[in-house]
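Once you have looked at the hints, place chain B on chain A.
Here the protein sequences come in this chain order: A and B.
If you read the first sequence in the numbering used here, its first letter stands for residue 1, the second for the next number, and so on.
If you read the second sequence in the numbering used here, its first letter stands for residue 124, the second for the next number, and so on.
None of these hints come from the bench; they were simulated from the model.
Please note that a few of the clues may not be correct.
Stated by the list, open to error - With a cut-off of at most 30 Å between alpha-carbon atoms, the simulated DSSO-like pairs for lysine-lysine come out as follows:
hint	chain 1	residue 1	chain 2	residue 2
1	B	356	B	378
2	A	86	B	172
3	A	48	B	253
4	B	459	B	444
5	A	48	B	248
6	B	356	B	334
7	A	48	A	86
8	B	334	B	248
9	B	301	B	253
10	B	543	B	506
11	A	52	B	248
12	B	444	B	433
Unchecked claim - So these bits of chain A aren't anywhere near chain B, every CB distance computed over 12 Å:
hint	residue
13	23
14	50
15	57
16	87
17	101
18	110
19	111
To be verified - Away from chain A, derived, C-beta distances all over 12 Å, residues of chain B:
hint	residue
20	191
21	262
22	275
23	287
24	297
25	313
26	320
27	396
28	456
29	496
30	544
31	573
32	578
33	612
All C-beta atoms in this analysis are idealised placements derived from N, C-alpha and C, irrespective of residue type, glycine included.
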Amino acid sequence: MKGDATPPTLAQSLRAAAATHAATRYVLRLYVTGSTPHSIRAISNIRKICEKYLEGRYDLEVVDISQHPSLAAGEQIIAAPTLIKKLPLPLRRFIGDMSQTDRILLGLGLREAAASTSPTGEA
Amino acid sequence: MLAKSSSFSALHEENAELRARLDEANEMLGAIRGGEVDALVVQSADGPKVYALQGQDAENNRFRGEMLAQVSDAVIAADSEERVIYLNLAAERLYGFDASEALGRPLSEIYQSRWPQLEDRAVAKTILDKCGEWRGECIHILRDGREMNVEAGAAVLRDTTGLSAGTLSVVRDVTGRKRHEDEVLVSEVRYRRLFEAARDGILILDPATGKIIDANPVVTQMLGCPDTRLVGKTLFEVGLLTDDGVGHDMVAELKRANQIRFENLPFESPSGRHHDVEFVANLYSENDRPVIQCNIRDITERRRSEEHVKLLMAEVNHRAKNMLAVVQAVAYQTAKFGDPATLADRLSGRIGALAAGQDLLVKSQWQGVEVADLITAQLAHFKDLMGARVLADGPPALLTAEAAQGIGMALHELATNAAKYGALSNSEGRVRIVWQIIDDPKPTFSISWLEEGGPRAEASGRRGFGQIVMGRMAEAAVQGVARITYGAGGLAWTLTAPLDDALATAKVGP
Numbered sequence: 001m002k003g004d005a006t007p008p009t010l011a012q013s014l015r016a017a018a019a020t021h022a023a024t025r026y027v028l029r030l031y032v033t034g035s036t037p038h039s040i041r042a043i044s045n046i047r048k049i050c051e052k053y054l055e056g057r058y059d060l061e062v063v064d065i066s067q068h069p070s071l072a073a074g075e076q077i078i079a080a081p082t083l084i085k086k087l088p089l090p091l092r093r094f095i096g097d098m099s100q101t102d103r104i105l106l107g108l109g110l111r112e113a114a115a116s117t118s119p120t121g122e123a
Numbered sequence: 124m125l126a127k128s129s130s131f132s133a134l135h136e137e138n139a140e141l142r143a144r145l146d147e148a149n150e151m152l153g154a155i156r157g158g159e160v161d162a163l164v165v166q167s168a169d170g171p172k173v174y175a176l177q178g179q180d181a182e183n184n185r186f187r188g189e190m191l192a193q194v195s196d197a198v199i200a201a202d203s204e205e206r207v208i209y210l211n212l213a214a215e216r217l218y219g220f221d222a223s224e225a226l227g228r229p230l231s232e233i234y235q236s237r238w239p240q241l242e243d244r245a246v247a248k249t250i251l252d253k254c255g256e257w258r259g260e261c262i263h264i265l266r267d268g269r270e271m272n273v274e275a276g277a278a279v280l281r282d283t284t285g286l287s288a289g290t291l292s293v294v295r296d297v298t299g300r301k302r303h304e305d306e307v308l309v310s311e312v313r314y315r316r317l318f319e320a321a322r323d324g325i326l327i328l329d330p331a332t333g334k335i336i337d338a339n340p341v342v343t344q345m346l347g348c349p350d351t352r353l354v355g356k357t358l359f360e361v362g363l364l365t366d367d368g369v370g371h372d373m374v375a376e377l378k379r380a381n382q383i384r385f386e387n388l389p390f391e392s393p394s395g396r397h398h399d400v401e402f403v404a405n406l407y408s409e410n411d412r413p414v415i416q417c418n419i420r421d422i423t424e425r426r427r428s429e430e431h432v433k434l435l436m437a438e439v440n441h442r443a444k445n446m447l448a449v450v451q452a453v454a455y456q457t458a459k460f461g462d463p464a465t466l467a468d469r470l471s472g473r474i475g476a477l478a479a480g481q482d483l484l485v486k487s488q489w490q491g492v493e494v495a496d497l498i499t500a501q502l503a504h505f506k507d508l509m510g511a512r513v514l515a516d517g518p519p520a521l522l523t524a525e526a527a528q529g530i531g532m533a534l535h536e537l538a539t540n541a542a543k544y545g546a547l548s549n550s551e552g553r554v555r556i557v558w559q560i561i562d563d564p565k566p567t568f569s570i571s572w573l574e575e576g577g578p579r580a581e582a583s584g585r586r587g588f589g590q591i592v593m594g595r596m597a598e599a600a601v602q603g604v605a606r607i608t609y610g611a612g613g614l615a616w617t618l619t620a621p622l623d624d625a626l627a628t629a630k631v632g633p
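Chain B extracted, bound-state conformation:
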């Protein structure tokens, strides 16, 4: 080769290269002799063959390596400087490194650890140093930034002298399981909140025994004892069922039909108060385990309200029929008496008077009508004269619906008559409407219409419908007596009735 070199420089380089190769060969021999190698490679006809120099140890290492390679969990070993010295196939997959790339690297380049609590890292290290092994959970942050929940076990690797030579970790990705656990936890919190905040009482029973497994606060309140005392008891034992046999039948029926409903179950609370409850039981499956959920709703108030509505409906129906009958009678009588030319006006006025009384009753929810309000409504056409020529005076008095209707119609007729022929037909006349409650000798209510300063009033020869309204109809409404007198200054009308028949307040008491 020296003979082929064309220059001194080339010869020098070639010489240096040969010296280097020779040094390499010497080093290799020295290393083999000095025990610095673990294996020799021999070229054969079938390709290179590797011969381990550590005999049984090498074979054991190979065997262990093969075993670890088969493990589905990630296995990663690091030396005392926390550099990766081994990782199996599962670890390569988990961390996205192949062994060639990862070996020798600091462990922190393969993943970073994040701990639930700041002090957990130090605690884990202390346990590992002290006990030689540690198990727990933490988060590994991969090189692409992804976070992975892991369940890990770490053990200290020791050399032949027993000194720590590194760490062997077995890591399992539990991200999916963790997510599922979190979802279950969130779901549990959510449904526990619904369970506890529900307005219905909820009981969970074991169908096998019929005994309570869980109870929400509404039930504990309803039954007057804490859930700790309810759990383990049957519906009969806690007083929800009066017969234990019914409980057994209920469970049997639930197994057949999956649902049972008692619309109106009587129940007596510990305080002795009667309740009506709606009881609905369903058979569900929880993770293949059957449970009975009972929803218990206190419907006492609802039933009371329903009864009230029913009563009101009947009352409205009754009153509507009455009103139609009154309208019919008014229409007939109005047509029978008086000038046909004024029929429409008279009929309209009278129906208006009925409607005014009706409005007041609706406003008070049929509880009654104050006399003063009735006067104001019936004399709405004369509101300019109120307080001047029409004076109303009397104590607070709530008329019954019937009395309000009868007296209202009478006031309308009196006002119409006064405007046409009486004290309100001129410019000086006045009307005083006074009412009072007299206790002695019997509780009595009386109301008077007294005209002054009007033209002389005289009884007409025939009895018109107005007089029937002021007389017979008013009397019938209050079971009272109506008196009409005709004087120099106008007409005087007085209706006297037993207090109970005229006033609603007298019926309900003080």
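Bound-form chain A, shown alone:
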């Protein structure tokens, strides 16, 4: 959309955004520590979000760093549970049990900032 000679209409922009969203594949990685309460809830919550909003177009990998701490290297993991949105760019991180659905949706780019009560995350 950037650099277009004629600015698109609002309807065109919305359609294009919807098409882009519908086609974008999400690659997510959730770092947990075994069966601890927050980790269990985080797994369940993010799976529900994916099934509802990203059905058929997501890859979710759950990584248990309590068994293999080395798997936390390279991703700048500071705490667990941590969800990382690897794709689509930009990379985003979410901490906690993923129970704040609106904030997660906003951060994943699945909800517009104006519609959200929380202004954090990528629009």
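For chain B alone, kept in the frame of chain A given last:
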């Protein structure tokens, strides 16, 4: 970074990114402060180190996790929404999911359950809700469609307040065992059917005690009591052996030779009827446990049949010898008397007469020959005259084999003589063959050949073989008396004999 941005748009994006990162950092700090994380990861020279924030609980969780990971049965935990929150290595292998893929998914995506009965699912859930645990068997259908028989135990997971927080299941694949059990069941049904449908009596004994363990219906019928009364008794006690010592000897011999056979064991049934039984005992091993199988066959009928066959063979042998002797005598006498030019014809005719009588005897299995049938067979050459010029009349009478042979030969000679010289040599003559049974003064059988309308009959000067057959041979066959008279219209022949010597029916009774 702002100084390096070349356009307002780029500056805006970069600013947004920095704001997002800052928000992330703030969130992280807030989450750590707010107790929303379970562990912190600290980068060290040896790589990342994970520090649990729940202290002893975290350590206990880790310990439990490690223990469950070592369990060979599949362990799978689900939250109250039936989403997978834990699965051990065995569960990953069993269901073909790794933990990363399975965690958080609905349990129904890992496997589907199929229950033997429709209501079993509801029953299991009720038990689990009520008792907090359930154990049982069902079928898990994997995502590739394979079905797996499982033995499962499920327990309700409770949170610190005691409320249900999910379910922990321990699952064992028993498909192989189930298949084996099914095969054993099929085998048991199949061999039970053979055991019960067998025509032989079958008994299973314990070699240690010599007592009956199992008996099929044939044995119960043979011994006249239900199997429940046979089990626990010895062969002597149920009457199959007349001496208990024989039973002990049999077991000892079986242990030595593995098989024992009694070809002809006398046995008296509860009704008092005598039976001959064939008794075969074998020592087998059933799952390393020795058992004796006894097959008992009632051979009473077979033995009777064998005796009958033996008797028949002796009779056939005797008759064959007799017949050869008769043929030899006929051949000799035929050659001795009469024109040598006609020897072949005469001999052939006489042997044919013997054969006709023999055929009738074979048909009746040597039980005897009806007089009417004998006449028809011996006068086959004159069948066109039967009922017209040859009249036969008499009651049903079954001749003995010997009488049939003697009278048959005599009829042949009489017919041959009548055709050549007697009542059947012209166009008017007739023959009446009549036979009767006379009771008074003694039971007697008589048969007559009476010619009428033929040329005058006259006794020839010399006694030919035909006359020997009609006279001496016929008499010898029935222990009777033959009389030949020569009249104006032809020859008359009468043979009279005691009823018992002539007729087979007289011997066997009414």
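Against the structure, the hints:
This hinted pair checks out: residue 356 (chain B) and residue 378 (chain B) have alpha carbons roughly 20 Å apart, not beyond 30 Å. In summary, the hint linking residue 86 (chain A) to residue 172 (chain B) is supported, as the alpha carbons are separated by about 23 Å, within the 30 Å threshold. With a C-alpha separation of about 29 Å, the suggested pairing of residue 48 (chain A) with residue 253 (chain B) holds against the 30 Å cut-off. Proposed proximity of residue 459 (chain B) and residue 444 (chain B) is supported: the alpha carbons are some 22 Å apart, at most 30 Å.
Restraint check for residue 48 (chain A) and residue 248 (chain B): the C-alpha separation of about 24 Å stays at or below 30 Å, so the hint holds. The hinted pair formed by residue 356 (chain B) and residue 334 (chain B) meets the criterion: a straight-line CA distance of about 5 Å does not exceed 30 Å. With a C-alpha separation of about 19 Å, the suggested pair residue 48 (chain A) and residue 86 (chain A) falls inside the 30 Å cut-off, and the hint holds. With a C-alpha separation of about 49 Å, the suggested pair residue 334 (chain B) and residue 248 (chain B) falls outside the 30 Å cut-off, and the hint is violated.
With a CA separation close to 29 Å, the supplied pair residue 301 (chain B) and residue 253 (chain B) stays within the 30 Å bound. Restraint check: the Cα-Cα separation between residue 543 (chain B) and residue 506 (chain B) comes to about 17 Å, which is no more than 30 Å; the hinted pair holds. Proposed proximity of residue 52 (chain A) and residue 248 (chain B) is supported: the alpha carbons are some 28 Å apart, at most 30 Å. For the hint linking residue 444 (chain B) to residue 433 (chain B), the alpha-carbon distance of about 17 Å falls within 30 Å, and the restraint holds.
Every CB of chain B lies more than 12 Å from the CB of residue 23 (chain A), the least distance being 22 Å, so the non-interface label holds. The claim that residue 50 (chain A) is not at the interface with chain B is violated, since a C-beta of that chain comes within 12 Å of its own (minimum 8 Å). At roughly 16 Å, the least C-beta separation between residue 57 (chain A) and chain B is larger than 12 Å, which holds for a residue marked as non-interface. Remark: the non-interface label on residue 87 (chain A) is consistent with the geometry, its nearest Cβ contact in chain B lying 16 Å away (cut-off 12 Å).
Every Cβ of chain B is farther than 12 Å from the Cβ of residue 101 (chain A); the closest lies at roughly 14 Å, confirming the non-interface assignment. With a least CB separation of 15 Å from chain B, residue 110 (chain A) remains clear of the 12 Å interface cut-off, as annotated. Non-interface status of residue 111 (chain A) relative to chain B is upheld: no Cβ of that chain comes within 12 Å, the nearest being about 15 Å off. Distance to chain A contradicts residue 191 (chain B) as a non-interface residue, since its nearest Cβ pair spans about 9 Å, not more than 12 Å.
The beta carbon of residue 262 (chain B) sits about 26 Å from the closest Cβ of chain A, which is more than 12 Å, so the claim that it is off the interface holds. With a minimum CB-CB distance of about 20 Å to chain A, residue 275 (chain B) clears the 12 Å threshold, and the non-interface call stands. Taking the minimum C-beta to C-beta distance to chain A, about 15 Å, the non-interface status of residue 287 (chain B) holds against the 12 Å cut. The beta carbon of residue 297 (chain B) sits about 27 Å from the closest Cβ of chain A, which is more than 12 Å, so the claim that it is off the interface holds.
Annotated as non-interface, residue 313 (chain B) keeps its C-beta farther than 12 Å from every C-beta of chain A; the closest such distance is 50 Å. Once the 12 Å rule is applied to beta carbons, residue 320 (chain B) is consistent with being away from chain A; the minimum gap is 59 Å. No beta-carbon of chain A comes within 12 Å of the beta-carbon of residue 396 (chain B); the shortest separation is about 79 Å. At roughly 115 Å from the closest C-beta of chain A, the C-beta of residue 456 (chain B) stays outside 12 Å, upholding its exclusion from the interface.
Under the 12 Å C-beta cut-off, the non-interface status given to residue 496 (chain B) relative to chain A holds; the minimum distance is some 98 Å. A cut-off of 12 Å between C-beta atoms confirms that residue 544 (chain B) is not in contact with chain A; the least separation is 121 Å. Listed as outside the interface, residue 573 (chain B) is consistent with that label: its C-beta sits roughly 118 Å from the nearest C-beta of chain A, beyond the 12 Å cut-off. The claim that residue 578 (chain B) is not at the interface with chain A holds, since no C-beta of that chain comes within 12 Å of its own (minimum 125 Å).
Taking the minimum C-beta to C-beta distance to chain A, about 124 Å, the non-interface status of residue 612 (chain B) holds against the 12 Å cut.
Violated hints, in rising order: 8, 14 and 20; the structure is consistent with all others.
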